[in-house]
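Could you build the full structure based on these sequences and the hints that come with them?
The chain contents come next:
Number of protein chains: 2
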Amino acid sequence: MADFEGGYGCAVGLLTYDCFDNIEEFVQEAIDSGHDFVATPIVHSKYSRVLECKAGDSWRDAPVYDRGDLVLRKAQWSDAVAGSLSEWIQLDSKDDDIRINSELAFKQEVAFACHLGLFTVITPRLVPGTSCINMARVINHLVTGMSVTQMWVHVLMDNQHAAWRQWNQFRGLTENNPKIGVVLELPAVLPEDDMLLDAWFAEPVKAVIVPSEIFISNPKGYPVLSKRHQSFVKKLMRRMQPQMIVTVPTTQIHASATPSSYQEYIHYLHRNLPAMDQVEEFASGYQDYLQAPLQPLMDNLDNNMYETFERDPIKYQEYEKAVYHALLDRVEHGSDYVTKIMVVGAGRGPLVNCCLRAADKAERKVQLYALEKNPNAFVTLQNAKAEEWHDRVTLIFADMRKWKPDTKIDILVSELLGSFGDNELSPECLDGAQKFLKDDGISIPASYTAYAAPMASSKLYNEVAAYKDLVHFETPYVVMFQQVCELAPSKALWTFEHPNLVIPKDQDPTNNLHNARYSRVQFTVSDKEDMVMHGISGYFEAVLYKHVKISIHPETHSPGMFSWFPIFFPIRTPMQIPKGSTVTLDFWRVSDAKKVWYEWSGTVESDQGSHTAVLPIHNVGGRSYWVGL
Amino acid sequence: MADFEGGYGCAVGLLTYDCFDNIEEFVQEAIDSGHDFVATPIVHSKYSRVLECKAGDSWRDAPVYDRGDLVLRKAQWSDAVAGSLSEWIQLDSKDDDIRINSELAFKQEVAFACHLGLFTVITPRLVPGTSCINMARVINHLVTGMSVTQMWVHVLMDNQHAAWRQWNQFRGLTENNPKIGVVLELPAVLPEDDMLLDAWFAEPVKAVIVPSEIFISNPKGYPVLSKRHQSFVKKLMRRMQPQMIVTVPTTQIHASATPSSYQEYIHYLHRNLPAMDQVEEFASGYQDYLQAPLQPLMDNLDNNMYETFERDPIKYQEYEKAVYHALLDRVEHGSDYVTKIMVVGAGRGPLVNCCLRAADKAERKVQLYALEKNPNAFVTLQNAKAEEWHDRVTLIFADMRKWKPDTKIDILVSELLGSFGDNELSPECLDGAQKFLKDDGISIPASYTAYAAPMASSKLYNEVAAYKDLVHFETPYVVMFQQVCELAPSKALWTFEHPNLVIPKDQDPTNNLHNARYSRVQFTVSDKEDMVMHGISGYFEAVLYKHVKISIHPETHSPGMFSWFPIFFPIRTPMQIPKGSTVTLDFWRVSDAKKVWYEWSGTVESDQGSHTAVLPIHNVGGRSYWVGL
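Protein sequences, first through last, are from chains A and B. All the letters of the first sequence, read from the start, carry residue numbers 1 to 629 under the UniProt record's numbering. All the letters of the second sequence, read from the start, carry residue numbers 1 to 629 under the UniProt record's numbering.
Treat the hints with caution; some may be incorrect.
Since the list gives no way to pick one copy over another, a pair counts as held whenever it fits inside one copy or between any two copies.
[Stated by the list, open to error] With a Cα cut of at most 20 Å, we get these calculated EDC-like pairs of lysine to aspartate or glutamate:
1. Lys579 / Asp607
2. Lys505 / Glu264
3. Lys107 / Asp592
4. Lys505 / Asp288
5. Lys361 / Asp391
6. Lys579 / Glu605
7. Lys404 / Asp299
8. Lys361 / Asp527
9. Lys528 / Glu605
10. Lys54 / Asp592
11. Lys435 / Asp57
12. Lys546 / Asp329
13. Lys402 / Asp61
14. Lys54 / Glu497
15. Lys528 / Asp607
16. Lys107 / Glu52
17. Lys220 / Asp277
18. Lys595 / Asp329
19. Lys546 / Asp508
20. Lys321 / Glu332
21. Lys491 / Glu87
22. Lys594 / Asp61
If you're looking for bench data, these hints aren't it; they were derived computationally from the structure. Keep in mind that this is a model prediction, so the values were computed, not measured.
Here it is in structure tokens:
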């Protein structure tokens, strides 16, 4: 199946529950009719006789198959076969003997599937309203010994979210075990509430079953999916890259259908996925990948990093617009006044070019200053000055927090923002730089605001948990979200404004308390359905100048801007969010003489005022994560 | 204060909120009137002026006291002073400046208290209905740097459990930080619901404030406590060994009271605590101490261990009674029949003596067999045979699971039970031994049942968490409970019966599946109040013979029997239990060829059917804890 797992193609399998005596023939027919693999029982249902075993029966000592008990007997087809585990197995039976025999038979079947080297086994369908707790225990233990063969839990999606609730319990019991995936069977009618669909993007959906019965006939009698099904399947394909599985009906239910029609339609949907936009293309390969946030004050960016960030088509356009409008507002047309603009943290000079273009367009006279602390980038600035800018730009090699200017400037331009706005210490840097600014000087950006929202993502939780230490659970990451479900629109935590009038004129701040922040935001996720939370998503919105803004906040995201992925704050324990409850997030920005850090915490309160979950405060005293000053 | 912390005496302090100019005098008077220490403000309330500071004020750069701002100026009295932190500090103010200044002032005050070497500082009282989240963050961080000085959070107990709920949130936010204690102030009216009192036994109550206003006058006009207050205070003294703190009223509210009366009464209560019973005496020093359960099959008990267990006054009395009744039932008075009794796991022989005494008392003829696998204990058996038993007892050196007998016996007597009944593998041992037994033979014990209940205990949770690894969270411990709150009466999980008729006659079992168990028990903790759960308590009840039973189950505990402490199953994350919700515990007893282990899990479900908490299954596949076969 390796060919299909890269996300370039789409594997479509054919599912049967019949126990074929001649499985080779069935597999051959399936492949001949264009399917990439089959999903079939491994063991004949007649083997269910073993459920009757009692203590003392020798089968219990060493379960063994007769050849005739097996549908799959040889490893020959193993790379084209997903094995369905026997539906008659009752791991949660209240009858001790049946439960014990079921466990033996289940283990026997999985062991045989692993022996054959099948790429996956699929559990019997979870049945909402019945217990799956012993099944969770058995599978949780079994997967520790499975390497090649995957374990997929079969979930039939429903309108009432009951299947998700049961899977949620199963996932909780098995502690988000990354070796356990979901095969999601779609129902004829999808839930109306989009959140019930979105919830699955946060789950480890490895495969999707689209039974032939849920196809409708198009005017020509061919099977197609409803618009709503199409849309959901396409989103699943794009975000989860699942294996797809269809069935072929035993009687003709779509007039013109052949055994190939169902897989052809799925393949057709996949071929016609909308092309990736610029941001998606840029992010390709980075989805759900945890990056430690930059430490641009302590570390110097390398050339590659500058190169990447300079490619953003939107960011510099907006900066140019901001400078342009600031110049128009500040200086009358035709004036001889030379506006002094300083770019602090000029890097390799993209903002300098923005300013020059803005000045040309605005027809205003300007003198540019470019300040940079990175000696390597400074060489590039020197090249640009020698080759392009000449006298229009003065270069200054210095740390903006320490440099003493001999002249004051009109407009201070910087691009020091991180995914969470202030997380790369823009406030502290600009506090130091604002003493270069005239009393009526302008800072671009003028302000920026951090946002946060609760989110679900089994994937991201597992990525963090895989490190098995506290430090990684208390570190925010820059992540391009993909297999996630935002549980509520994000809310503003705090804002920084520049210049900061609290700081005495012409002085460096003597402490950093004015950049401390504490904010509490509350969310009602759903009045109707239970959900689960795995972490917190963070964004920023910045006002560059008046109406000129940039944003990575989902509701206002600057189209096409790719310089910033969102930020992800993990939580150490997933929190259940019962319907109607309130999620409260507390966020702090704290600093001491050497560093700045965040602490965060979350609580869930029921609609009756009981705390149902209280997270410990994360990153106490910056013990796990901080940004150096 | 070291004198009082051992639990032998009881320190009583005098609390004042007045800011005395001459603190030396106040301390001297307090001590002269029989108090052991004082609790006093450290800083004058006039220092609250710093709340008005703004950015740029130099105080913010380096907070410093004027000498006149301080109540406590010298370290001289430090070992007799608990410092009350300023009540005017508003760590959770919504005003940024007030909150930031409060944090600076709070840290300054704690730092000064640490500098003086005070034995503790006491926070301003938590105010239910207001936020304590920022206070939690500040304290959580501060205590990491405190070594000598303790941090006590002042909680005023109330009728409505609101104070507990707030403390519960505080404790959750600070992750049961063992450096943070509670000083519990008693109200004039204690809650009617005993559970609201009991809840505090699970909390780290380090001190108890008994304000003079809640004393009532006895007929002679002296201050005394109500019966209900007395009872609660005594329980607190016995279980928590808290420091006690009283106040002295400024006006005479109890006609005959002197400034000494309040402390005298508290000292009087402490002197008159009921004497410890035999079990308490035996357990003394072991309370809340986590012991790894025995592995008697893999390891041999040492002589000390035998010695300790043989001292139990009740256990052997009940065994003797069981054998006596079995003999009476089995053999007619005057018969010449010689009943063969075998003690398996005879150790140093106490059960052999029981059987001989029972036979003498019943006037029945017996032949005793004593089987033991521990070569060291076997020497003691040989001594006893040589010196006392002679021909009445035959010794067998063997493992009961493997020995092949040449004669069958009437009564099989064993004492293989652990705190959870089957946790020392009594079922597996007796399965092997029952082939010695005649068809109508009797096993003593005849059956045993394991019990479990949800419990709260910040102390036990912390003891486990201190190991900072998964293994300790997935290991059950034998513990004498003290600082705990049982959240509901325990429920039966499963029973083992002997002889086990499922095993084919005269054979060894070929597998151990008949000793696998799975059980689910559900509890409603409280319909009225929220609680929290930190772990699971486990017990057993055993039927030795018919009506002769032994039990460590709280409701049926055999009086005076001390051989078994309860068992404690930790959980990895404390679970909030909102009022009206249902706690479900799932327990498994699992085995493979070499070992037996338990797995356990818990869920909380709201009265609306939402899961509010789902614990991962603990000890998957016996990865952390098992008992070797």
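Hints, verified against the model:
Taking identical chains as interchangeable, the C-alpha atoms of Lys579 and Asp607 lie at most 20 Å apart whether they share a chain (9 Å) or sit on different chains (12 Å). Proximity of Lys505 to Glu264 under the C-alpha cut-off of 20 Å is found in neither arrangement, the shortest distances being 71 Å within a copy and 63 Å between copies. Proximity of Lys107 to Asp592 under the C-alpha cut-off of 20 Å is restricted to the inter-copy arrangement: shortest distance 13 Å between copies versus 56 Å within a copy. Taking the shortest Cα distances, Lys505 and Asp288 never come within 20 Å of each other, neither inside one copy (45 Å) nor across copies (61 Å).
In the homo-oligomer, the alpha carbons of Lys361 and Asp391 lie at most 20 Å apart inside one protomer (19 Å), although the nearest pairing across protomers, at 117 Å, exceeds that limit. For a Cα distance limit of 20 Å, the shortest separation of Lys579 from Glu605 qualifies both inside one copy, at 10 Å, and across copies, at 12 Å. In this homomeric assembly, Lys404 and Asp299 never come within 20 Å of each other (Cα to Cα): the closest approach is 23 Å inside a single copy and 75 Å across copies. Taking the shortest alpha-carbon separations for Lys361 and Asp527, neither the intra-copy value of 53 Å nor the inter-copy value of 72 Å comes in at or below 20 Å.
Taking the shortest alpha-carbon separations for Lys528 and Glu605, both the intra-copy value of 15 Å and the inter-copy value of 16 Å come in at or below 20 Å. Taking CA atoms no more than 20 Å apart as the test, Lys54 paired with Asp592 passes between copies only; the shortest distance there is 18 Å, against 69 Å inside one copy. Taking CA atoms no more than 20 Å apart as the test, Lys435 paired with Asp57 passes between copies only; the shortest distance there is 19 Å, against 88 Å inside one copy. When the C-alpha separation of Lys546 and Asp329 is checked against a cutoff of 20 Å, the pair qualifies only within one copy, where the shortest distance is 11 Å, while the shortest distance between copies is 98 Å.
Within a single copy, Lys402 and Asp61 get their C-alpha atoms only as close as 78 Å, which misses the 20 Å cut-off; across copies the closest is 19 Å, which meets it. Taking the shortest Cα distances, Lys54 and Glu497 sit within 20 Å of each other only across copies (17 Å), while inside one copy they are farther apart (75 Å). When the C-alpha separation of Lys528 and Asp607 is checked against a cutoff of 20 Å, the pair qualifies both within a copy, at 12 Å, and between copies, at 15 Å. With identical chains, the CA atoms of Lys107 and Glu52 are at most 20 Å apart within one copy only, with a shortest distance of 17 Å there and 70 Å across copies.
For a Cα distance limit of 20 Å, the shortest separation of Lys220 from Asp277 qualifies neither inside one copy, at 33 Å, nor across copies, at 89 Å. When the C-alpha separation of Lys595 and Asp329 is checked against a cutoff of 20 Å, the pair qualifies neither within a copy, at 38 Å, nor between copies, at 81 Å. In the homo-oligomer, the alpha carbons of Lys546 and Asp508 never lie at most 20 Å apart, since the shortest distance is 27 Å inside one protomer and 86 Å across protomers. In this homomeric assembly, Lys321 and Glu332 come within 20 Å of each other (Cα to Cα) only inside a single copy, at 17 Å, whereas the closest approach across copies is 110 Å.
In this homomeric assembly, Lys491 and Glu87 never come within 20 Å of each other (Cα to Cα): the closest approach is 46 Å inside a single copy and 33 Å across copies. Taking the closest pair of Cα atoms, Lys594 and Asp61 come within 20 Å of each other only across two copies (15 Å); inside a single copy the shortest separation is 65 Å, beyond that limit.
The structure fails to meet hints 2, 4, 7, 8, 17, 18, 19, 21 from the earlier list, while all remaining hints are met.
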